[in-house]
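Chemist: One letter stands for each residue in the lines below.
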Amino acid sequence: MALLKKLYGNERLRLLVLALPFVVFVFMFAYVPLAGWITTLYHYRPGVPLSRSPFVGLDNFRLITTFYRTQVLGVLRNTLIFAVLGLLSSPIPMFFAIFLNELGSIKFKRFVQTVTTLPNFISWVIIFSLAFALFREAGPVNDALLSLGIVESPTMLLGNANAVYIFHTMMGWWRHTGWGAIIYIAAIAGIDSELYDAASVDGAGRWGRIRHITIPGLMPTYLVLLLLSIGNLLSVGFEQQLVFMNSMVITRLDIIDTFVFRVGLQNHDFSFATVVGMLRTLISILLLFTANAVVKRVRGHGLI
Amino acid sequence: MKHKANANSKIFTVANYGFFILAMFACIYPFWYIFVFSLSDPMQAIRGVYFLPRGFTLQNYLDVFTRPGILQAAGVSVLRTVTGTTLTVLACSFFAYLCTKQKMYFRKFVYRFTVVTMYFNAGLIPWFLTMRAYGLNNNFLVYILPSAIGAFNVILIKTFIEQLPASLEEAAHIDGAGVFTVFFKIIMPLSTPILATIAVFSAVHHWNSWFDNLIFMVGRPELNTLQLMLWNILNQAALQATRITELAQAEQLARQQSPVTIRMTATMIVTFPILFVYPFAQRYFVKGIMIGAIKG
Chain A
1 MALLKKLYGN
11 ERLRLLVLAL
21 PFVVFVFMFA
31 YVPLAGWITT
41 LYHYRPGVPL
51 SRSPFVGLDN
61 FRLITTFYRT
71 QVLGVLRNTL
81 IFAVLGLLSS
91 PIPMFFAIFL
101 NELGSIKFKR
111 FVQTVTTLPN
121 FISWVIIFSL
131 AFALFREAGP
141 VNDALLSLGI
151 VESPTMLLGN
161 ANAVYIFHTM
171 MGWWRHTGWG
181 AIIYIAAIAG
191 IDSELYDAAS
201 VDGAGRWGRI
211 RHITIPGLMP
221 TYLVLLLLSI
231 GNLLSVGFEQ
241 QLVFMNSMVI
251 TRLDIIDTFV
261 FRVGLQNHDF
271 SFATVVGMLR
281 TLISILLLFT
291 ANAVVKRVRG
301 HGLI
Chain B
305 MKHKANANSK
315 IFTVANYGFF
325 ILAMFACIYP
335 FWYIFVFSLS
345 DPMQAIRGVY
355 FLPRGFTLQN
365 YLDVFTRPGI
375 LQAAGVSVLR
385 TVTGTTLTVL
395 ACSFFAYLCT
405 KQKMYFRKFV
415 YRFTVVTMYF
425 NAGLIPWFLT
435 MRAYGLNNNF
445 LVYILPSAIG
455 AFNVILIKTF
465 IEQLPASLEE
475 AAHIDGAGVF
485 TVFFKIIMPL
495 STPILATIAV
505 FSAVHHWNSW
515 FDNLIFMVGR
525 PELNTLQLML
535 WNILNQAALQ
545 ATRITELAQA
555 EQLARQQSPV
565 TIRMTATMIV
575 TFPILFVYPF
585 AQRYFVKGIM
595 IGAIKG
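Residue numbers (my numbering), protein chains in the order written: chain A, 1 to 304; chain B, 305 to 600.
Next comes chain B alone, as it looks inside the complex (with noise of 0.2 Å):
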């Protein structure tokens, strides 16, 4: 009996690990993929890439990167991710703090006014002709401002600061410390956990973000994100694949194949920011989501 029950527990154990490894595999693999398969002459990878790179070489990564406006998009993408992010976070934590000050004329309606904006939108279609009537069409602006302050993010920035000891903020205020001068030196520095914790996700928003560029930068191709760039290239090569179906001689094949280097090459590039600093902010994730689901 005792027996009995120890081997199945050992059958669970080892199942239980082969289930998670399976899952990690499924997780982990499709970046490995394409990874070494950017990494591969295009010529070889057309007779299949697994685990290594077949014939390595970087010149995948030379060609997309001498590619018309690349490194310009990588720069709109970078550009929009540090003014995004920091606008966020600013916006965000001072309309937070101003929100906990009860001594606020109107306070409740303020703050109600900005968290019911959570639970409607006013759709597609409206944001657009909106966004265009604010002057926001063929604009860098339009990347940054509509996410600037997010109801949500305000409730759990003010959620955080009022649970910090008011005493400190009461002693500043006896020594004659303005309101910005509170904020600035007293309140951000102890909000560091939850004003990370935001940055982190709205630096995964921007730099992820790819619709509002395919929407309103139409006339303004050079204002456009290596999200689109991928996106372009991604729909160029889909073209070239439906035709591969059609040829059957492998030479023209392999001279077909390539534009499938080039897409795995640009969604790499595209990726590695995200898978580097991923590990270092996982665990903002994480707190984020417990904060969250607190509130919730």
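The following block holds chain A by itself, in its conformation from the complex (with noise of 0.2 Å):
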């Protein structure tokens, strides 16, 4: 009793003590998982204990080679199409902000920012709801399209395959550009308005003041942001991609995490499906640390 006291005392400890519950939660829920990476090395049925199947070395690696190999292949393509069609689309928030910036009106410019965010607090089945009411057969884009004379007959856009990558990355920007905006719109205030006076009393114009002033001004934020998603190149979506999943499209929407879904809850082969979801977070954690390297160089001091 006396030495419970004594502990309780002890604010050092007390405070501890105190922590420990959340601890032992973010051990639970986050590192816990990890075990699982051992079913890798088994063939893994839901239900059976471990202990009971059958070890089967790297045999469930060797499939990525083997029987999942078109697959992969595929999977593999398409999620580095939509990985670098994201880095190519990664400046268009930056010019959003810069056009935005140029618009005379303060309450205009609010409210523009305010419509042109909502698309980021939109689920991506309501999102995908949205697509099809507007593309449909007999949705108002066909109906457009056709009445100007643009299509002679309706288009399929959700079950055509060669739209897809240049859709969804298109979607990705009317999802993100202006939420992305936000960022650079305070980077630009927060340039020193003497630089843009300097400028036009040496005879630059609205364009000048843009190429010489605005965009430097925003490049450190634009690299920071772009060597940070480098570490997240693979996660390249997934809800979206798994709500416009159809079979007319499946070849070219088919991406690393709905091909983990599919072949381990759908298909219920776990033990692939993990060995694949380990791979990707491993990769993951590689390309962090090569690009933390890069900012640590450039800036002094990392991300992490």
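The hints are simulated quantities; they were obtained by calculation from the structure and are not laboratory data. Here the structure is a predicted model, which means the values were calculated and not measured. C-beta atoms are modelled at their ideal positions from N, C-alpha and C, and glycine is treated no differently. Misleading hints may appear alongside valid ones.
[Stated by the list, open to error] What follows is a set of in silico ranges between Cβ atoms, one per label pair, in the way DEER data are often shown:
#, chain 1, residue 1, chain 2, residue 2, range
1, A, 301, B, 445, 33 to 41 Å
2, B, 345, A, 137, 15 to 23 Å
3, A, 35, B, 540, 18 to 26 Å
Quick one: dock chain against chain with the hints and give me the complex.
Modeler: Below, the structure written as structure tokens:
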């Protein structure tokens, strides 16, 4: 009893005891699942304990180049294409902010910002419904295209494999641009206004000021965000692809994450799905460390 | 020369305003379109709805609200959003407060142990199996427990608390206030800006979530959320819609069209809460990304 009292009197220990439930919680939800990686070495079936599952060594890893070879190649290709298109799209929010800044009326600026940020807060299920409504055969987009004579028969955008990459990238623009611009708008506000005055005195017009002051002023922000995104290079969506998936577009729309979902939770090949998920995590960590090392070089201090 | 520059400048201004008006149209019109469609009579809507409802009716809303399970799903969604947000804000803020306490044993380790979880995840399957092993399958708690402590939230709140004046806390300690008293009476009220931001983000997350519902609630459809309900309606209607292409006769088309109205009405019902809360919550969104960016 006396010991307990003494322990309780120790503030440093008391604080640790208070924090302990949280630490256990973090351990349970973030670390314990890592133990599931062990199933990659077994022929694991749901419901059968690991002790009674056959140990298969690296057989599950070999499936990448054997049984699942074609699918894995397709999924990797799609993921990389989405990743590259995402990187190419990365300057869009910056330019959006630059041109937004050129609008005269502050009220209008705010209004544009409010409206264009909205899509970021809508779930992919709802976005799918919106896209279906607009682009379905009898929808308003087809009506407009038909009546303007641009197409002769209704387009089937959501079932068109050739349109997948560009359509999904553009939906990313729709959802993300307004939101992504916020940080650049703040960065523009932080640029010294004397620089603009000096440039004007030197005869720089609107374009000159954008080119020689605004863009260079935003470059550090842009580069840091770009490097940060490299750690997330393989996170090219998931819910987005999942909701738009159908048999006509699956060869183009299937990415690593949807592949893991399908193989694991729909086809119940738990072990192989875990192999793919594990490799994805390991590659992402590698990319993150690389990006961090680069940032350290450039800025002097890293991101993590 | 000067004249030409002025003309160019005017053209630029007009083009710029035009561009942003188009951008806003692209963001708003999809919602407006399904809104007017949901208010249209399905038989008349078939002739095309663009900017105004055709044959104004509220019947579609009645039809959707009387579908079995919709009101229950709305209840589950609200319950999930309220309890999930409360849990996240309380857990993250109290934990973050503890992490600011220099006196705590192993403070650095505790903090880093949490922060690094931002940079890895075990993957879908191990996560799924672990949650099942915890008995969270077919359990309401699976909605709110996994997202209760987010490393990023803890970082944001900790950073915020650390820049509060330390003297307030010291004064309270001298008056004999314990950790909990200081936290609830001093730290929490002073941290409202950051807590409100996190609450708004967490609420949006909970309202929009559906994937955990999809994989964990197979055996308990009564715990389905509105988002999953909408997802199911969309999938049923998608099947119907593919059949429309095979049917040429207008009358049959009209009868087949009603699922489209139903799905748009259901979409609208799930979207309304976000649309209503959004204008008020917007400043917190902006604040949130700024704080996050400064930290990054």
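Chemist: Which earlier hints turn out false for this structure, listed by number in ascending order?
Modeler: Failing hint: just 3.
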